[in-house]
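Now for the letters of each chain:
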Amino acid sequence: MRNRWKASILGVAALLLVLPAIFGQAANPSKATGAPDLTGVWLIDHFQPALFPKGTTPPFTPWGEAQFKKADTQVNDPNLACLPHGIPRLMFVPLPMEIFQVPDRVLMYQEAGNQLRQIHMNRDHKKDLDPTYNGDSVGKWEGGTLVVDTIGFNDVTWLDHAGLPHTESLHVVERIHRVDHTTLVDDFTIEDPKAYTKPWAASQTYHLKPGWEIAEYVCDNNKYVYHEK
Amino acid sequence: MNTKRFMLLFALAAGFILASSPAFAHHSTAEYDMTTLTAVKGTVTQFEWSNPHAYIHVEAKDDKGNVVEWTAEMASIGMLSRVNWKRDTVKPGDEITIYGYRAKNGKTLMRLDKIAFANGQELSARVG
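Protein chains in written order, with our numbering: chain C, 322 to 550; chain B, 118 to 245.
Under the rule of at most 25 Å between Cα atoms (straight-line distance), these lysine to aspartate or glutamate pairs were calculated in the DMTMM-like manner:
1) C:K375 / B:D150
2) B:K208 / B:E239
3) B:K231 / C:E537
4) B:K203 / C:E534
5) B:K203 / C:E537
6) C:K519 / C:E386
7) C:K375 / B:E148
8) C:K375 / C:E512
9) B:K203 / B:E165
10) C:K515 / C:D449
11) C:K391 / B:D150
12) B:K231 / B:E176
13) C:K519 / C:D481
14) B:K224 / C:D541
15) C:K530 / C:D501
16) B:K208 / C:E537
17) B:K158 / B:D211
18) C:K375 / C:E386
19) C:K461 / C:D425
20) B:K208 / C:D541
21) B:K221 / C:D481
22) C:K515 / C:D393
23) B:K221 / C:D393
24) B:K203 / C:E419
25) B:K221 / B:D180
26) B:K231 / C:D541
27) C:K391 / B:E148
28) B:K203 / B:E239
29) B:K221 / B:D150
30) C:K448 / C:D476
31) C:K515 / C:D457
32) C:K530 / C:E419
33) B:K203 / C:D541
34) C:K390 / B:E148
35) C:K461 / C:D445
36) C:K390 / B:D150
37) B:K181 / B:D211
38) B:K231 / C:D366
39) B:K221 / B:E176
40) B:K224 / C:D393
It is worth saying that the hints were derived from the structure and are not from the lab.
Input sequences plus hints: build the corresponding full structure.
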């Protein structure tokens, strides 16, 4: 009888030890693999409409400079037509994003256009990529940092809200890391030899927004910004 | 300087600093003169609760008594919802004052900063 009690207590104790592992794994598989946890709803800490503020000059090629001179935020910003922001601009939009970590992917659900950005964790870039707005993102963990490499872009988007141009040769590397529980930083290295003479850097800080939910965002009313009254 | 006056100046200065770096969705504020706050008192004719921007349409009178239609552009409805705006916060017929930054091209269009209801109560439209 006493042994049966002992066995029951040991059984319950074992179950209690195992349960968090089972449910923890179901809730967040990345934790089970020991990967850092970037999950949550995040919002930029401040809006940077221009990645090169007044007084600084982007390292344009002649082609890049000519394109930038044609950019008019009230006339030909692709976003006025409700087109996707593309990478990296999507990461500078003043709307929240929710990060999910699932097996083989880190997902960023952006309120902007309700786009789901996929970062593939266990594969290389595919060969002969079709040019797309958000390109092909592959990621790997370097300690606590998610390093994301993206290529395969079309040339439709701007890199920022001021009109920095790019071509299909755009290559973006991001180093995303959690500075503390409520702060996330994305450090960008941007290169496009047809538009810029050398790679350049940008950075965006995000704050955790506990309790926030991503809202529906259908870009369905642009008559005042896209069409002249 | 008494404490009350200091607090008022402090609030004005803080307000100016906050207003000088607003976080707006969709498109930047390049088309608005962000240095001057304009106030327009009038009657709401329409409240468009839509993305990427919500809009309040107000009928007001200019100095000469002519009726002028004003449009006040706001952030997205998701962001506005997070700072206490609802689809019926203003309704056609409401007498309100809109405070915002007027379009540089001279149109009667502004980027809304806040509204004041007829009873004087104010509601900020800042979402940053």
